[in-house]
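Asker: This is what each chain is made of:
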Amino acid sequence: MFSRTVKFVRRISWPIVTAAVLLALLATLATLQYRWLGDVSEAERERMRTSLRARASDFAESFDAELTRTYVAFHVDADRLDADAAGAIADAFARWQASTSAPAIVKAIYLFDGAGDGPGHTQRLDAEHRTLVASERPANLRTASPGTEVFEAIDARVPALVVPAPRVTRIQDGHRFTIITDPSAISRAIVIVLDRDALRTQLVEPLVARYFGDARSSEYVVSIVRRDDPAEIVFASGGNAPGAPGAPAVVDARSADVTTGLFDVRLNELNRLAAPGPGRGAAALHERMAITIVRRANGVDAKRILMAAGDSQGAWQLRARYRSGSLDAIVARSRRRNLAIGLGVLGLLGASFVLVIVSAQRQQRLARQQMEFVAAVSHELRTPLAVIRSAGENLADGVVEDGEQVKRYGALIRAEGRRLTDMVERVMQFAGIASGARAQPRAPVDIRALVADVVTATGADARERGITVNMRQHGAVPPVVGDADALRSAVENIVGNAVKYSPGGSVVDVSVGSENGRARIRVVDRGLGIDAADLPHVVKPFYRGRRAVDAQIRGTGIGLSVVRSVVDDHGGELLIASRPGEGTTVDVLLDVAH
Amino acid sequence: MMPKLLLVEDEAGLRLTLSDRLASEGYAVETASDGQSGFERAARGGYDLVVLDVMLPRMNGFDVCRELRRSICPHASSSCCGISSNIAARRCRATSC
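Listed in order, the protein sequences are those of chains D and R. For what it's worth, the numbering used here labels the leading residue of the first sequence as 1, then goes sequentially. For what it's worth, the numbering used here labels the leading residue of the second sequence as 1, then goes sequentially.
Hints are computed from structural coordinates only; laboratory data are not their basis. Virtual Cβ for every residue (Gly too), placed ideally from N, Cα, C. The reader is advised that the hints may include incorrect statements.
[Unchecked claim] Think about it this way: if two alpha-carbon atoms lie no more than 20 Å apart in a straight line, the pair counts; the simulated DMTMM-like pairs of lysine to aspartate or glutamate are:
| # | chain 1 | residue 1 | chain 2 | residue 2 |
| --- | --- | --- | --- | --- |
| 1 | D | K407 | R | D20 |
| 2 | R | K4 | R | E40 |
| 3 | D | K107 | D | E44 |
| 4 | D | K107 | D | E205 |
| 5 | D | K407 | R | E11 |
| 6 | D | K540 | D | E372 |
[What the hints assert, rightly or not] Here's a subset of chain D near chain R, in silico, CB distances under 7 Å, partners left out:
| # | residue |
| --- | --- |
| 7 | T383 |
| 8 | S390 |
| 9 | A391 |
| 10 | N394 |
| 11 | L395 |
| 12 | V399 |
| 13 | L412 |
| 14 | E416 |
| 15 | L420 |
Taking the hints into account, I'd like the entire structure generated from these sequences.
Answerer: So this is what it looks like as structure tokens:
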């Protein structure tokens, strides 16, 4: 005597572990992809911003270079100005006109002399006659007047360039000349009034086309506004004059990807002009005595500074952004798109992975069911064979000799032989259904007679187990058009199940009737019943309910699947209702012939 | 005195042929047709050997054997013997005591 303990360790399910690991990997990949796409987007944004900034600053530099050249061109020698002001300014103008690409930008040239507003202090150049004509000082230029105050090189409101022309005092000391600009004397200035429209058409638009591409096909939107009054739009890309109907939206300060200052006299541009060598306007520069630039910063502190290269000050402000939206929006969009594609691919991968697992599990379940089927069938075949063999051995060995006993053995062998035949028949039937073989030709079938036959045939088996099978008929039942053999096997299976799963001494009720123009076969037992969880599955091939297995009742799990196929084939309806422990009711509804 | 034997088998044909065979070999054979009634009769005692089918209605052969061992093992004089057509030998051993 010994006791033995069997320890049941829960087996690790490898497919689930693998699935979990793979899903975790997928999630990791998705996270990495999200992060890296973020980095790439950041770099892309930086690259695009740098490219746009380079264009904007090149544009501003070219624009300012033209202004600076103009500014420098009107520096006139103080002695010449004293001697022949009209001639000196007209010569400067002519020289400038010969060298510039945008001759229309100068609207008028004034010589301001002293702070007064009257005609005595203001003269206008008549370039054609090379004379200076006394004139009123234009109202919008009064603030730009030279006086004791230092005035600015640029007046953005007019707009105008103000070129100082100070009087100088020469002091001769032996061989040396000292030239002193006389700050106390009333200042002079040459004021060049620029034509805003010409600035736009001759300077801004060609430069925009050069640096940002043709207005219609450009991927950029460019606006230029006045820095001190951003509501005043100097230029907006799209080809229309600002404010005209259909003018493109102005890039506002918030949506601009890049802003830069322009409209200024630039120190580095002066240096370039001062350097000897080829270049428009440069030839005359080194001959001049002095260049005076006075410029206040546009900032609030009004410090006097000279503008250096890269300085983003200036009277105007250029705002540029990408046409398809702001840079952030473009980058975010492309990031979203990349992310969607990436995640889509990962999702597809995950989904196909899940499909593979599901189908593998289905295959596994099917294989297991088939194994169970084979085991069940072989057991069902072996039992009658074992009876026949042991009966045969008893007869052969002379264990039974008297006539009555021998007769019993003969009947036993016959019954078991029939059972074997039935079994084989049922398996063949199932195989036929499973392989989709067509049933026999249809003919009218008397359902009442068919059910009565089946009940009689099951009678012997039922009686042996002390089970009573009652048959009742409710009214006349019209014939059903169908395959009589198939219908018979379906009814056999249902009644056979009722008997098989009923306890000894119980009653099985079989009834036939018609209902709503359909024939109804109802079989009610008071047997084991079917668990609610098993109920939806009992018609699947090889499926056996937990209760049937627990009760060690033999079966293959194909009976009800045969019933279902036959009923489906006849366009009928199969209804199974069951209370575990109390019994099962099976209804078959079939259309009757008309 | 003939040894007394209880045959528990649900298959009527086998019950007949096996009991005839065992009787011809000199045993006094009694039969039961399901696990529950087989256990009840065996538990009352008086059998030298209980021959059990494994797949039995109401209570299977292993359970009958286990329950019998538990209730009468300490002073058992009868042995259990399992017969079945398709149960692995390993499982038979696992239930012996």
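Asker: Hints first: check each against the structure and report whether it holds.
Answerer: Results for each hint:
1. D/K407 with R/D20: holds (14 Å)
2. R/K4 with R/E40: holds (16 Å)
3. D/K107 with D/E44: violated (45 Å)
4. D/K107 with D/E205: holds (18 Å)
5. D/K407 with R/E11: Judged against 20 Å, a Cα distance of about 19 Å means the pair holds.
6. D/K540 with D/E372: Answer holds: D/K540 to D/E372 is near 13 Å, not above 20 Å.
7. T383: Since chain R brings a Cβ to about 6 Å from D/T383, closer than 7 Å, the hint holds.
8. S390: Holds: closest Cβ of chain R sits about 4 Å from D/S390, inside 7 Å.
9. A391: Because about 5 Å separates D/A391 from the closest Cβ in chain R, which is inside the 7 Å limit, the hint holds.
10. N394: With a closest approach of 5 Å, the D/N394 hint holds.
11. L395: Nearest chain R Cβ about 9 Å off; hint violated.
12. V399: At about 4 Å, which falls below the 7 Å cut-off, the nearest Cβ of chain R leaves the hint on D/V399 intact, so it holds.
13. L412: holds (5 Å)
14. E416: holds (6 Å)
15. L420: violated (12 Å)
Hints 3, 11, 15 from the earlier list are contradicted by this structure; the remaining hints agree with it.
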